[in-house]
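Chains as they are written, first to last, in my numbering: chain R, 1 to 236; chain P, 1 to 251; chain Z, 1 to 233.
Keep in mind the hints are simulated off the structure, nothing from the lab.
Cβ coordinates follow ideal geometry from the N, Cα and C atoms, glycine included.
The reader is advised that the hints may include incorrect statements.
To be verified - Partial list, computed: chain Z residues near chain P (C-beta under 10 Å):
hint, residue
1, D123
2, R127
3, E139
4, A140
5, S225
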Amino acid sequence: MKLKIDFMAQTLVKALAGVPVTLEITILTMLLSAPLAFWMALRRITKGNEKAKLVRFYISFIRGTPIVLQILFFYSLLPTLLNYFFNVLLGWDLNIWDIDPILYAVAVFTLNTAAVLSEVFRSALMSVGAGQLEAALASGLTGAQAYRRIIIPQALVVALPNICSTVVNVLKSTSLAYLMTVQDIMAVAKKEAAFGYNYIEAYLVVLVIYIALCTIVQLIFRALEGSLSAYRRRLA
Amino acid sequence: MLELKNIHKSFGKNHILKGVDLSVNKGDIIVILGPSGSGKTTLLRCINFLERADQGEIVFDEIRTPMKTASRHQINSIRKRTGFVFQNYNLFANKTALENVTEGLIVARKIPKEQAIKTGKEALDKVGLSDRYDYYPSQLSGGQQQRVGIARAIAADPEVVLFDEPTSALDPELVGEVLQVMKKLAKDGTTMIVVTHEMSFAQDVATEVVYMEDGVIVERGTPRKIYSKPEDPRTEQFLRRVLRKDYEYSI
Amino acid sequence: MRPFHPAFILEALVSIAPYIWVTLATMAGTVIFGGLIGALLAFAMIRQRKLGNAVANAYIYIVRCVPPIVMLFIVYYGLPELLMSVGININEIGKWFFVIVTFSILFSAPMAEVFRSAYLAVDPGQREAALSVGMTGAEAFFRIILPQAAVTALPNFANMLVNLMKEGSLSYTIGMIDVMGKGQLMIGLNHGSFSLETYIALAVIYWCLTIVLEKGFGKLEEILSRGKQRIRA
Numbered sequence: 001m002k003l004k005i006d007f008m009a010q011t012l013v014k015a016l017a018g019v020p021v022t023l024e025i026t027i028l029t030m031l032l033s034a035p036l037a038f039w040m041a042l043r044r045i046t047k048g049n050e051k052a053k054l055v056r057f058y059i060s061f062i063r064g065t066p067i068v069l070q071i072l073f074f075y076s077l078l079p080t081l082l083n084y085f086f087n088v089l090l091g092w093d094l095n096i097w098d099i100d101p102i103l104y105a106v107a108v109f110t111l112n113t114a115a116v117l118s119e120v121f122r123s124a125l126m127s128v129g130a131g132q133l134e135a136a137l138a139s140g141l142t143g144a145q146a147y148r149r150i151i152i153p154q155a156l157v158v159a160l161p162n163i164c165s166t167v168v169n170v171l172k173s174t175s176l177a178y179l180m181t182v183q184d185i186m187a188v189a190k191k192e193a194a195f196g197y198n199y200i201e202a203y204l205v206v207l208v209i210y211i212a213l214c215t216i217v218q219l220i221f222r223a224l225e226g227s228l229s230a231y232r233r234r235l236a
Numbered sequence: 001m002l003e004l005k006n007i008h009k010s011f012g013k014n015h016i017l018k019g020v021d022l023s024v025n026k027g028d029i030i031v032i033l034g035p036s037g038s039g040k041t042t043l044l045r046c047i048n049f050l051e052r053a054d055q056g057e058i059v060f061d062e063i064r065t066p067m068k069t070a071s072r073h074q075i076n077s078i079r080k081r082t083g084f085v086f087q088n089y090n091l092f093a094n095k096t097a098l099e100n101v102t103e104g105l106i107v108a109r110k111i112p113k114e115q116a117i118k119t120g121k122e123a124l125d126k127v128g129l130s131d132r133y134d135y136y137p138s139q140l141s142g143g144q145q146q147r148v149g150i151a152r153a154i155a156a157d158p159e160v161v162l163f164d165e166p167t168s169a170l171d172p173e174l175v176g177e178v179l180q181v182m183k184k185l186a187k188d189g190t191t192m193i194v195v196t197h198e199m200s201f202a203q204d205v206a207t208e209v210v211y212m213e214d215g216v217i218v219e220r221g222t223p224r225k226i227y228s229k230p231e232d233p234r235t236e237q238f239l240r241r242v243l244r245k246d247y248e249y250s251i
Numbered sequence: 001m002r003p004f005h006p007a008f009i010l011e012a013l014v015s016i017a018p019y020i021w022v023t024l025a026t027m028a029g030t031v032i033f034g035g036l037i038g039a040l041l042a043f044a045m046i047r048q049r050k051l052g053n054a055v056a057n058a059y060i061y062i063v064r065c066v067p068p069i070v071m072l073f074i075v076y077y078g079l080p081e082l083l084m085s086v087g088i089n090i091n092e093i094g095k096w097f098f099v100i101v102t103f104s105i106l107f108s109a110p111m112a113e114v115f116r117s118a119y120l121a122v123d124p125g126q127r128e129a130a131l132s133v134g135m136t137g138a139e140a141f142f143r144i145i146l147p148q149a150a151v152t153a154l155p156n157f158a159n160m161l162v163n164l165m166k167e168g169s170l171s172y173t174i175g176m177i178d179v180m181g182k183g184q185l186m187i188g189l190n191h192g193s194f195s196l197e198t199y200i201a202l203a204v205i206y207w208c209l210t211i212v213l214e215k216g217f218g219k220l221e222e223i224l225s226r227g228k229q230r231i232r233a
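Only chain R is shown next, with the shape it has when bound in the complex:
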């Protein structure tokens, strides 16, 4: 077997053009799913809550089905739903079919990631311990203040490694966005590959790019962890 190195170099350059798309989806997904996930985590921690049941049901569904199926499902459902809602019910004349597929991708990945992330947040919040909350309330902080100033800073440090692997997983999952006609790294490489039957070369390029991206994400999180966990370090 001989790899066509010059083809790989060309594909690398072309596929790099897909990197911003991949990053855009990943970052938007994280930003949108974080508040959603936090809300769900809180609902689940507070016991005897009707909403908690709904949240659990949702999380179970998302974690119980393949993401590729979720993509196909929502992608075939969302446009029809939106069209029905805006154009048939409200009578607007929106052109649903012209919506940038990136938005669909962000929507689907957010629905998925929020469920995963809420489990991360929940276990992190629970690891902080009731004593911390009680102490904060006893010193006169309100519930919101206690969370913002005492609980969350500690929980975040605990959650950081899991948040990192969630980001890596979202990054990896975006390689499926090509199913929604998004022009990300994978889509570009696929097109190049089919053009001259250079499949292996093209996908090896994708592999290299993903290793680089994952490494960057992990380095960023390692730096974050170092600065956030300062309170845990003992005095030398």
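We have chain R; now place chains P and Z onto it with these hints.
Relative to chain R, chains P and Z alone:
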């Protein structure tokens, strides 16, 4: 019967054992005393090859085994002739009390299962646990766990039983039951090497007390001699410190 | 809005259900080979020899960065050519072969971590105690350490298994006819007209399988962890 010659052991730069000699005769009960960090636990672990000594020799009934280069076969044969009681019991968490005792008999010594169970029950009876055969370690108190540990060590009728601080992980009220069992074993003529801080046990039971400090044996002798007329100032200081403590506790 | 036919969901369920075995069989193959590679990797990491450790860590790092679909395509297009260059022709082999190879590679990395952490979770005193009663190192491992490590590994293993099943659904992209593949096939045959109904049927199947796996392993863990139980007061 058992002789240790010139044992050395270092962990990195820490020279823990600096040439220890010890000889044990059948029926001896040797109690090793010494401050923590003196190397007494390491010495015991070296005998059973849980640590590999850097230098020295172990002679077991005329069979000489170089400690540094002992083969797997040699190590196994020494382990089969000794029993070991751990400070924190180390009972097999996934086995019942009886299974803890029979495991070594069946697997390592290839004793038929039925006979092993019979032997195992006898060993547990001996330590007063006839009603706890089928309990898992997590269902037993610390003292009971340690008695299972002792039963496990003595079940195969080893020639020497090594005790590594068998009571120091126990709550004070549970120490007595374990010492009781050990005293009974001593009376039955079991050869024992015991590392402990229980001064009264040493005084009552030991045939020889060995005082270690900084990786060497400072002094040895009968308990009466060591306790009443220690020759080395280091021994004397240690005893004064420890015995006074004992005294205060008893008030 | 296009018409929705709930009845077709049932129809789809019935036609897809027989293919659950295909999905489960490929999973079983993957667990065996991926588990073996994972065990080797874990062994290399635990032994702490420099070279083995470095190779294992590099392998795990790379595998964890690769999207499953990319790995699947690389294996599917690359492996025949690679083997052809050493004179082995696998052009006639079924799709299942590529699926099992791909997911064994992907599965082995997290499994190695599961094995390693489970092994390290067993108190070293357990091994010492086993040696002290005269067992050999191998006997100590198989009789004492492994049974305890297995219980520790169980929840993580169940998690990995569910992930494997979900990632395995990607096999349809190379034409494998398992649960997902059969569903896609049906959508194709119907020219896309019952896609939503079919997806719902697929979701129901995967969701049920996940719940069965999780519940089953939960029960198994309960049974196996008897040594850890406390007396019920």
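Hints not upheld, ascending by number: none
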